[in-house]
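For the protein sequence lines, the chains are A and B, in the order given.
Read in order, the letters of the first sequence are residues 1409 to 1570 in this note's numbering.
Read in order, the letters of the second sequence are residues 329 to 1183 in this note's numbering.
Keep in mind that the hints were calculated from the coordinates and are not lab data.
Just so you know, not all the hints are guaranteed correct.
Straight-line alpha carbon distances no greater than 27 Å define the calculated DSSO-like cross-link-like pairs of lysine-lysine that follow [said to hold, decoys possible]:
1. K1063/B <-> K1535/A
2. K722/B <-> K1128/B
3. K1128/B <-> K640/B
4. K1125/B <-> K775/B
5. K804/B <-> K722/B
6. K1430/A <-> K375/B
7. K804/B <-> K1535/A
8. K979/B <-> K1152/B
9. K1152/B <-> K1128/B
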Amino acid sequence: MKTRLSLTVNGETHEVLVPVHKTLLEVLREDLGLTGTKHGCELGECGTCTVLVEGEPVLSCLALPVEMEGRAITTVEGMAEGSTLHPLQQAFAELGAAQCGYCTPGILLTAQRLLEDNPVPTRTEIKEALAGNLCRCTGYTKILDAVELAALRMGRQPAAGR
Amino acid sequence: MGTTPDPSRSMLSEGAKPPSMEKHEFSVIGRPLPKIDAWAKVTGETKYADDLFLPRMAYGKILRSPHPHALIRRIDTTRARALPGVYAVITGWDLPRVKFGILPVSQDEEALCTEKVRMVGDAVAAVAAADEETAARACELIDVEYEPLASLMSIEESLGHPEVRIHEYGDGPNVHKNVSLQFGDVEAAFARADLVREDVFFFEGNTHLPMEQHAAVAAWGPDGKLTLWSSTQTPHYVHRLLAKILDVPAAHIRVIATAVGGAFGGKLDPFAHEIAACKLSQLTGRPVKIACTREEVFYIHRGRHPVLMWIKTGFTQDGGITGCHLKTWLDGGAYGSYGVASVFYTGVINPVTYKIPVYKFEGARIFTNKPPCGPKRGHGTPQPRFALECQIDKAAEQLGLDPAEMRKRILHEPFTKTANHLTVTTIGLGECIDKVVEASGWRRKWKGWCRPPALPAQPVLGEASEGAVTSAPSDKKRGIGIACSAYLTGAGTAIYWNSMPHSGVLLRADRGGGIAVLCGATDIGQGSDSILAYLPAEILGIDPKDIRVHAADTDLTPVDLGSYSSRVTLMCGTAAIQAAERLKGAIAEATGRKLGVAPQRLAFRDRKVGVPDDWDKAIPFAQAVELAESMHGVLAFAGSYAPPKRAGKYKGGGVGPSPCYSYSACVVDLTVDEESGEVELHDVWIAHDIGRALNPLLVEGQVEGSVYMGIGEALMEAQIFRKGLHKNPSMLEYKSPTTLETPEIHTILVETDDPEGPFGAKEAGQGPLLPVIPAIANAVYDAVGVRIDEIPIVPEKILKGLELRRQGKPPRVGPERIPLFTFKEPIVVESAFGQPAEAMAARPFADAPSSGDSR
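Can you build the whole structure from these sequences, using the hints too?
Structural data, given as C-alpha cells:
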C-alpha cells in the first residue's frame, strides 16, 4: 500500500508516493535522489545512514517517512550553504578525515549536532558523541582532529544561528 | 561560516615557493595537501556503486545456500518466474559451464552453483525484478532440493575425514596447498643456539567489514557490449575473468570501478553478484543492480585466514637468532580464492624483519565448509608476525634482555638478501624502534622481567593520555609491550604470468595548461587518485588542481593490476613520473627553442617554464604547452612500470619479492582489569619507515587506520561459525572498535628515501597493522603476567590465564596441540642470507629520462 507524504528535506518540501513500510533511508536515496546518505547495515548498528530530524541525529534506516511529515530533515547535501561548505566539511577535507568517505556523511551530521549543543567539546566528548558511528578506514584520529579544528574555527567567528 | 579557505583556490597558493627555490626542495611532495576527491566526499557527491540509478534499471537478488555442504538435486524456478514484477531468473545452468578463480591455479568457483554447494551462502540462483522487494520474494519462491553432505568445519575435521571431499583437486584430501621450503640447515642452527623455543599460536579469522557493502550495476547494451560498474579493488582482473566466465570477448567488456567505500582486501575477487548482474542484464535488456546486504558481505568474506602456527627458533645469549622453523595451517574455507598466495605469505615475509640466517617454512591450506578466506590488510603476514614477535618476547624474558634492545640487535642489514632470497633495500627499523622507545617513555615504563606479580598501583608517567590516572585500583594492572614488522611495497609478480607493465599511466596535456591523467589504479580511500595528481604536478611545476585524474576504467585507462599488496603508490606513481618526464621533455624542447636556451637548463615551477637565473623571462606553463603541441602534435605520453625481476630461482620464489619493504615499530600502553579481564588501551606509538611521505597527511591516515584495524583484530574481531552458520553476521554482533575503544595513536614517520620508490616512497597501507597485535599481546603479559597465545585476546582468555596462574599452573592460554600432518618434502635451497643486493636491478620499461632537476 502506498501513501502520499510531504517531506521537508534540506529546506525543500517534496511530495512523495511511497509504500508505508519504506524507510526514510530508502526514500531519501531512491525517491528523492539524495544518495549522500549511505547505508551500512540497515539495522541501526553502524551510524552510516544518520540524518538530522529537527536537528537531532536519527538513523534513517530505522525511521519511517510517515513519522517525518512536518519535521525538518537535514542530509549531508544540506550542510553547505550554497557553495560555502560547513566548517566541519572544510576541516574534514583539509585534514584527511574522509578516506573512503562512506561513513563521512553520517559522522559530519552527528558532529554538527554535537557542536550545536556543545561548541567547545573536549576530545572525550567528541568520542562519546561519535561512538555510534563506525569508521573502518581512519582509526578515528583525523576525524576527531577535524571536529576539534572545526569547533575552533566556528568559535572564532560565531555565525548567526550557530 | 568560519574563515575557511576557499576550495576553489590553488592547493599550493599559501606559502608557494619563490623561483629561487633550492634544488631538492619540493613544491608538492611532502606537503599535507587535501586529497583531490576530499570535496566530493565531504559533500556526499561521491558516487559509490549503489548510488547509480540508471533508466529502466532492474534490481537483482541472489538466492544462497542454507547448507554448509550439500548436493543440489533439483532447482525449480517456475514459481519465481510467475511472480508479477519478475523479469528473469537464472541458475548456473544459464551460464557457460566454466569454473573460475582469481588465481590461475585455483579455478574452483561457479558464480551460481550447479551441482554442489560448499558453504552456507554459496549462490545458487539469481533474480531480476522491478524492485528489490519483489526480487527477494521471488528468491523465496525458487525451489531447491538439496541432499546434505557431512560438513567439515575445522582444520582437524577436514584432515580427519578424508572420505568427505570438499573439492576433488589439491595437494591431498581437503588439502588445497601444501608447501615446504628450506633455506639452510635449521637443525644445525638450533644446535648452535643457547636457547631454543618451540611455541604454538592461533590467530582466529576475521573479516574486512568495509562500511560499504559490495554492489554492482551491469548494463549489457543492444550492441552486445557489456559495462559493469562495481565496487571492486581490481577492475582489470574482473575484466579478464568476466570474459572467461561469460564467454564474451574481453574487447566487448568494460569494467569501471566506482568509488569504493572501504575494501581492505575484501573486494579483490570476482563475485557472484557481479556475474549474475551481467547475465541478468543480458537477458532482460535492462541495466541490473545487485547490492549485497550486510549479512551477505559476512559470507562473501575472503578475509583473514584462521591460522594455527608452530614456531621453533634458536637464540644466542645476546638475543641473536640462529635459525627459525615455522609451520602454518590455514583454515581456507570453501574455495581457493587467493589461498595459494596466502599460504606462502604466512611464511615468506618473516625473514625480512630481522636477521634470520637459516629458515625453514612449511605451510598448508585446508578446505573447510565455511566462507573462503583470502587477502585482508597484511595478507597472511599478521598471523606469523604475532607468533614470532610474541616468541621473541618470551625469549627476551628467558635471556634477561630488554625486548626493545633485543630487537635492535637483530636488525636486518640494508641492501642485502634474506635467507629466502628476498632483496631488501633501505631499512628504517632501527630508527623506528628508537623513536617509539623515546616517545613512549619505554625506558621508564618498562619495569623489567622480574616485577612482583601483584604490584600495587603503578606510578603513571608523563605521556599518558588525557585524564592520566595517578593511581589505579589494585585489580587494574598497567602494561607496556613492543613489536616490529616489515611488509612488501607491491608484489613483484602479477597473479597471472605475463611480461607487461604492472601499472600504466597516460598523460594528456590540454591547451590551457590542464593535464588529464588516465590510470587503471583504483582509489579505495587510500588516496591513489591524489598521488596520481601530486607526482605529475611536482614534475611539471603546476598545481595538483590543474590535473584531472580519470581512473579505473578498463576502456579508457591503461592497466593497473589493482589496489592490493601495497603496490599502487610505488607502481602507478613511478609510471606517472615516467609519463610526466616524457611530457616535460617535449615541453622543454619547444620552450627551449622559443627562449633560445638548451632544454636542460629549463626549470618547471609555479606554473611557469624558464631558466632559473633568468626567471623574469619564464613563460606560463599553458603557453609552453601550446608551443609543444605546435612542435610535436597532440601531447599524450605514457609511462609504464614493472618491478625489477628479483624472484628467487626456486619453485615458490615468485611470492615475497617486492621492490622494497616498509618497516614499523609499535609500543602499546594498556591496562588489564584483573576482575573482568578487560583490556583498556591508553596509547599506541607507531613509527613507520615510509621511505618518503609523498603526503604526510595521507600516510598518517593509512598508519592510523592500520593501527585501528590491528586493535580490532587483537582484542575483539572474529568470524565464528556454528554448524556452518555465521554466529555474528551483523555490525552489532561482530565487534569492532568504536571511537571509545580506539586509543590515542601517535604516528611517527621515518624517511629512508628508497631508491626503488617514487621520490623514495614505500608503502603505508598495510605494514603498520602488523606490529600492533603482538605489541598488545606482549603488553598484556607485562601487565598481568599471562601469555595469551591466541587472537583475539578476549576477557575470557585473560581470566582463564589468571586462574591458571592462581592455581600455580603455567599462565598461558592458547592452542595445546598441532595436527598430525605430513608436509611435502622441502625444496632445499641454500640460504642467501647476508649476500649483497645486486646493484639496483634493471626494471623493464625503465628507459625514461632521469627525473633531473625535479629530484
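Worksheet item: Are the Cα atoms of K804/B and K722/B separated by 27 Å or less?
Response: holds (23 Å)
Worksheet item: Are the Cα atoms of K722/B and K1128/B separated by 27 Å or less?
Response: holds (19 Å)
Discussion item. Tell me if the straight-line CA distance from K1125/B to K775/B falls inside 27 Å.
Written reply: Holds, at about 24 Å.
Discussion item. For K1152/B and K1128/B, compute the direct alpha-carbon distance and say whether it is at most 27 Å.
Written reply: violated (37 Å)
Worksheet item: Given the hinted pair K1430/A and K375/B, is their alpha-carbon gap at most 27 Å?
Response: holds (22 Å)
Fill in: Restraint status (C-alpha distance of K1063/B to K1535/A at most 27 Å)
holds (17 Å)
Fill in: Distance restraint between K979/B and K1152/B, which requires alpha-carbon spacing of 27 Å or less
holds (13 Å)
Practice prompt. Take the C-alpha atoms of K1128/B and K640/B, compute the straight-line distance between them, and say whether it is at most 27 Å.
Written response: holds (25 Å)
Item to complete: Mind checking the alpha carbons of K804/B and K1535/A for me, to see if they're no more than 27 Å apart?
Response: holds (23 Å)
The earlier numbered hint that this structure contradicts is number 9, and it is the only one.
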